[in-house]
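Trainee: Below, each chain spelled out in residue letters.
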Amino acid sequence: MKQALIRILELARKEFLALLRDKKSRTVLIVPPLIQLFVFSYAATFDLNHISYAVWNEDTGIYSRQLLARFSGSPNFRLVARVTHREEVAPLIDNRKVLLVLHLRNDFSRSILMGSPARVQALLDGRQSNTAMILLGYVQSIVSGFNDEIAVTRSVTPPIASIDLRAWYNPNLKSRWFIVPGIVGLLTLLISLLVTALSVAREREEGTFDQLMVTPLTPFQILMGKILPGFVIGIGEATLIILAATLLFHVPLRGPLDALYLGLFLFILSGLGVGLMISALVSTQQQGLLGAFLFLVPAIILSGFATPIANMPPVIQDLTLLDPLRYFLVVLRQIFLRGAGITLLWPEYLALLLIGVASLLIAGAFFKKRLG
Amino acid sequence: MVSDPVPGGDIIAVRDLVKTFSGPMGTVPALKGISFVVRPGTVTGLIGPDGAGKTTLMRILSGLILRDSGSVSIMGHDPGNDPLSVQRSLGYMPQKFGLYEDLTVEENLDFHSDLHGVPSSGRKGLYEPLLSMTGLGPFVGRLAGKLSGGMKQKMGIACSLLHKPPLLLLDEPTVGVDPVSRRELWEILHSLVRESGSTLFISTAYLDEAERCDDILILHEGGILGSGSPGSFRSEVQGHAFELIEGSGRPSRALDPVISALPGVIDTVLAGGHLRIVMEGAAPPRVPESSGGFRFQPVPPRFEDALMTRLWHSRKDLEQGRATRLPWVAGKRIQGGKGEQAIRVEHLTRDFGSFRAVNDLSFEVGHGEVFGLLGANGAGKTTTFRMLAGLLPPTGGSLMVAGEDVRKFPAKARQNIGYMAQKFSLYGQLTVYQNLRFYSSAYGISGKAQTDRIQEVLKFFGLTPYRDISAGLLPLGFRQRLALAASLMHTPAILLLDEPTSGVDPNARRAFWRIINGLVMDGVSVLVTTHFMEEAEYCDRLAIMADGGLLALGSPSEIKAQAKTEDLPAPTLEDAFVTLLSRAAVPSGLPA
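Chains as they are written, first to last, in my numbering: chain G, 1 to 372; chain L, 1 to 592.
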């Protein structure tokens, strides 16, 4: 037993040395994940900032100025043009100068004073439908704020029912809070896949794999030796990313660390298992890299990282049940934003454990079959 | 002699050529100021071990890399200044020739014709003699990837000849090619010189190929160690070669270290059970009277004898006088498992789909025996070797190694085996020390025993100065030593070796086999697969495989006797091998 343990540790040690003494694989493991963390965190956001818009104000009254002041005063909006004629509107939108043109007719203030509905026309660039929808939401919320104020100052009867919006766990609905915890999962998956998918292939290329197989090391010991460095590197880099998420991007980490690291452990287990499955099937590092990305891209799309799983067709939704990242994203968001503990997350833990164990068993069977 | 460059008549003239490379270990001189000429219409062999600078020289001659200093002239053109003129008039076949494996033979020929601007009209007439010369005629429609190793090389030669170059540079065309195909390749090359008057400049690491050349250039560590015709080399050592015919009843293997330590002995080598000795002068070794009756008989010299003599004069220090017995093994009798034989193979069969790679193979290897497995490419020897190592399960039959059934192959049975692959399976990123540490712990050596063993190994194999250098950066000879060291640390009873000394220089090969012989005397059994006749000569018994079965089995002299004919009264091992194979009418070069 002690002998077996020493052998596994020596295997893991060799694996570490092979990874870290090679400048190329050292760089591959450390630099791209950090770059991706920054690129994703800054670039991948659903929030619209600096929306360029133009104003076509035919009204000369006080209310139009009050409404427009709400737009120009918002940090999300940036006024780039004032329009005085209808002909000027189309070129602005066509040439992507502005995303939005606000049109107030000359009876805007008068209608308000008379107590009849005043109209604001918002002309949007519908070519980017997603952006247009989000922008419309912003415009509506500014206009409804304006309505409330008018209703109070002019003691008009407010609408019968109104929505009082409170977003729990992310009161300002900052998309960075939603995305950065997801990146923790995404990059951890990338690292744990790469560590294992490439290591066996590298041994095959160098011919050391046969040499390994003729030693008294058992296949179990060899697999353990391959997995161990994956855990250390995976947990190490995940910790780095979690630190960056909380300290640099100020995403709150509300839940307990034990719940987070239990999830991380189980998730890395499944990542390493899939990586080993890939490495059992390929014979070169290049194929290993391709295989890893062949798994990674669908895994991200099916995980609900960016698009809600509930929006997918039922068959695809069933497919997402096989995706370890799906469960880990739940774990991450629940712990980061909601502050959930272990007791709330056991279905996800169980799913990750199942996927991890199954993929390791399949990897073991693949190895046996390739040898046979 | 071709050592004096005379401008004008020579097709290649090189003077004071220097080339250095800067690598991770600092600046490495690849060619240290060499001068030579090549006469037109000859086959000139560039002979040297891997890493001697052969490929560097070839690439400079063909204008692919630039020299540091010195002058080079190829038919009056300088490949450094005017590579295009040079490349128009020569054919260059690099070690890995650019055949497109997914194109047929004919499509490859078409493609290379296009590259060389051969007009499309009349191509058929051009291909025909090339195809019939290389014997590729029946296979024009076959994908190049489906050709055997020897046929691929022939294909490469055919492609290099498409633009009818007067000079052909071939970089190790016979590497990895079995003896039968090698002979055919050389016949093609000679007929080329005879029929079209071409000049061939061929590099090789096989010493026996030197005898097939008109002129020889020996490249050693970036310098020229000698040049001349094979005959002139042989005459240098005329009368210096002897064979031991009687040695007080002791086996040749045990006498090797004794004889090689005698004064005036330059080289000793086991050849088919006999000890072959090269002396500094024309007298046999003087054995002290007390040692009993030794009798020596003069034998005709070989090119290799002259090479060994020159090497011996150039550096008397290195391999001489080094211990040949592993300190942790010497004197102990190694118990080779429970079985009566070290290896017993009975009715062994292995199928790949519908193809039977190994067919009803049976043989035995006794304790303390060196057993060689020979065969052409595709004869099934690699498959057999992998099954013996437990890397491939057999389809049928039984396989006992060290008294354990390989089919079940418990991990502890593998403890008895040392395995050394041709590619020297080392972790290139890890240092020498880290490699040794890993492999020793894989075999369960730990703690103080491990530290001591690693120290012993480093000292014994002369690796101490390289202790902290990445294994991938070691020179080839040292990589080979490290690979052997790694496979011996756990004192295995059975050693499995796959072409262990292919490409290394003759001194390193002798040092390697002395260590193996020392182990054999302590009871270790060795199985070696090779198509390298110098290695086969070290074996006590040989099995020649063809088509997955056994063609011949016996000691090297028994096998030679089987091939004896009136035309060939004293066949070499290679002659015997080729004769036996052709007698069995195995279509050569064709993968089954």
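Treat the hints as calculated values from the structure; they're not laboratory data. Take these hints with a grain of salt, some might be off.
Below 27 Å or equal to it, Euclidean Cα-Cα: the simulated DSS-like pairs (lysine-lysine) are [unchecked claim]:
{"no.": "1", "chain 1": "L", "residue 1": "K164", "chain 2": "L", "residue 2": "K96"}
{"no.": "2", "chain 1": "G", "residue 1": "K24", "chain 2": "L", "residue 2": "K96"}
{"no.": "3", "chain 1": "L", "residue 1": "K408", "chain 2": "G", "residue 2": "K368"}
{"no.": "4", "chain 1": "L", "residue 1": "K423", "chain 2": "G", "residue 2": "K368"}
{"no.": "5", "chain 1": "G", "residue 1": "K369", "chain 2": "L", "residue 2": "K408"}
{"no.": "6", "chain 1": "L", "residue 1": "K448", "chain 2": "L", "residue 2": "K423"}
Fair warning: this is a prediction, and the values are worked out from it, not measured in the lab.
Trainee: Give a verdict on every hint.
Mentor: Quick rundown of the hints versus the structure:
Annotation: proposed proximity of K164/L to K96/L holds, straight-line Cα distance about 21 Å (limit 27 Å). Between the alpha carbons of K24/G and K96/L the distance comes to roughly 26 Å, so the proposed pair stays at or under 27 Å and holds. A hinted pair counts as satisfied when its Cα atoms are at most 27 Å apart, and K408/L with K368/G qualifies at roughly 13 Å. Among the hinted pairs, K423/L with K368/G is consistent with the structure: their alpha-carbon atoms are about 23 Å apart, no more than 27 Å.
Simply put, K369/G and K408/L have alpha-carbon atoms about 15 Å apart, close enough for the 27 Å limit, and the pair holds. Restraint check: the Cα-Cα separation between K448/L and K423/L comes to about 31 Å, which exceeds 27 Å; the hinted pair is violated.
Hint 6 from the earlier list is the only one contradicted by this structure; the remaining hints agree with it.
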